[in-house]
Amino acid sequence: MSAQTGLYIGALLTIMAWSFLYKENPFFRFTEHLYIGLVTAYGVGYTYHNNLVPIVTKDIVQKGGYSLIIPAVVGLLIYARYVRGWVWLSRIPMAFWIGYGAGYSLAFTPAVFMKQIFDSFIRLNTINNIIYFLVVVTAVMFFIFTVKKESGPMKWGHYAGRYGLMIAFGSAFGSITMAYLSLIIGRLGYILRDALHLIK
Amino acid sequence: MPLYERLLKIDQRIVYILVILAMLIPMIKPMGLPIGVSENTRKVYNLIESLPAGSVILVSHDTGPGNAPELNPMLTALARQAFRKNLKIVAMCFFDNANGPQFIQDSIEPVATEMGKEYGKDWINLGFKLQAVQTMKMMITDLWGGAMNVDWSGKPLSEFPMMANIKSIKNDVAVIFETTVGTPGYGEWMTYVSEPAGKPLTGGASLTMYSGVQQYIRSGQLKGFLGGMRGAAEYEQLVKKPGKGSAGMDSQSIGHLIVIGLIIIGNIGYFMQKKAALQK
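First to last, the sequence lines map onto chains Z and G. Take the first sequence: its letter number 16 is residue 11 in my numbering, and every next letter is one higher. If you want my numbering, it's the 1-based position in the second sequence plus 154.
In case anyone wonders, no lab produced these hints; they're calculated from the structure. In this text, all values refer to a predicted model and were calculated from it rather than measured experimentally. It is possible that part of the hints are untrue.
[What the hints assert, rightly or not] Calculated lysine to aspartate or glutamate pairs in the EDC-like style (CA-CA distance at most 20 Å, straight line): (1) G:LYS428 x G:ASP260; (2) Z:LYS195 x G:ASP260; (3) Z:LYS53 x G:ASP276; (4) G:LYS239 x G:ASP276; (5) Z:LYS58 x G:GLU159; (6) Z:LYS195 x G:GLU313; (7) G:LYS309 x G:GLU342; (8) G:LYS197 x Z:ASP114; (9) G:LYS309 x G:GLU349; (10) G:LYS275 x G:GLU313; (11) G:LYS197 x G:ASP404; (12) Z:LYS110 x G:GLU342; (13) Z:LYS18 x G:ASP404.
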């Protein structure tokens, strides 16, 4: 199959996927199933050849790293959940995974957050810095749930914090709209430029 | 049906057609709207520009087909700047095993060919890697081990001359360039690699993440940022080679006008409806 034929098929599949915008239909369903099937098959093949085979042939067989078989066997225990009576075995790799992940994350994450906390200690000498400071403080006040907020500074802090958050969400919404428009542009470019050569 | 009801009940298919037309027409007939370069994009460019020849940029291209139109042009522009400065690129991905390695290939290879750079000598595609955090951590001291000793096509790394001098992130990588749509992303790279190993982290992301990365930029943990297709277009302006990012900016601008117009129409309908309800 030539590259151009592949581009035509890609363009056709894009239009079939977009047909969902009109309503649910068999063309969309076909595209959806085709994509999921292809991605899964490719992913399995790719992972097998580029991750599993190198470990087995190089690290274990050629270099004699037989100790690697132990974590492999522990990892395979996850499938014990499909065997009645042996389900408890599947919790062993999960325990390793969660224990390692939580411990590792707790060890390294604070260092990253601390820089951002230090960054909020700023000189209040510009309008931007003052706004930044006020939004940080009031947004934190919004998330304090252990103190009543019916009156006093907590009420106004909570109120102002809510507006700060709403502006942040509005900004995020704008960014997301822009991102999704980019995706449509990308596909339109694929159809018109790459497949049909209608534009440069 | 009163006017406000008609404004509030516009068929969504009409909205889709309007948005697609708004983006389609500028593609067919470009208007050449100016593209200003933001401070964040300039920071990315300047960081790469400051590297001495021969330095290694580690690229992690973590996107799927959905966000590829935003992120692939960033990689192409990076390759253009890096190859002009005789820098080396080691690229890989953690997000999409089926498409990620091909995106890297499609984004860098044409630029490398055009600029006379050779695969394996000037750049390499390590492909998709499993278990992002563990692999990243391993690569700090053992880049080959994290890559399973093979490139994306399964060839041993020992066959590629450039890899003889690139053994670890800690000793051999100058900058980490992350293009991401979420996880793994800046949080992972920062927590497990760039902060512990003291390596500068830069890159770009889908605009969906724009608000979420601001604190990293402010704190200096992220050295500049390319925001979506707009960021890619700005970067293309700086490397003086407009590409797919720049090509989409007219469409993007007109698309925004349509979206803003629809939001205004919806709000007018909402307030008219409210007023009518009060009058009743």
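Going down the list of hints, with the structure as the test:
no. : hint                : verdict
1   : G:LYS428 x G:ASP260 : violated, 53 Å
2   : Z:LYS195 x G:ASP260 : holds, 18 Å
3   : Z:LYS53 x G:ASP276  : violated, 26 Å
4   : G:LYS239 x G:ASP276 : holds, 11 Å
5   : Z:LYS58 x G:GLU159  : violated, 73 Å
6   : Z:LYS195 x G:GLU313 : violated, 38 Å
7   : G:LYS309 x G:GLU342 : violated, 28 Å
8   : G:LYS197 x Z:ASP114 : holds, 19 Å
9   : G:LYS309 x G:GLU349 : violated, 31 Å
10  : G:LYS275 x G:GLU313 : holds, 10 Å
11  : G:LYS197 x G:ASP404 : violated, 24 Å
12  : Z:LYS110 x G:GLU342 : holds, 15 Å
13  : Z:LYS18 x G:ASP404  : violated, 29 Å
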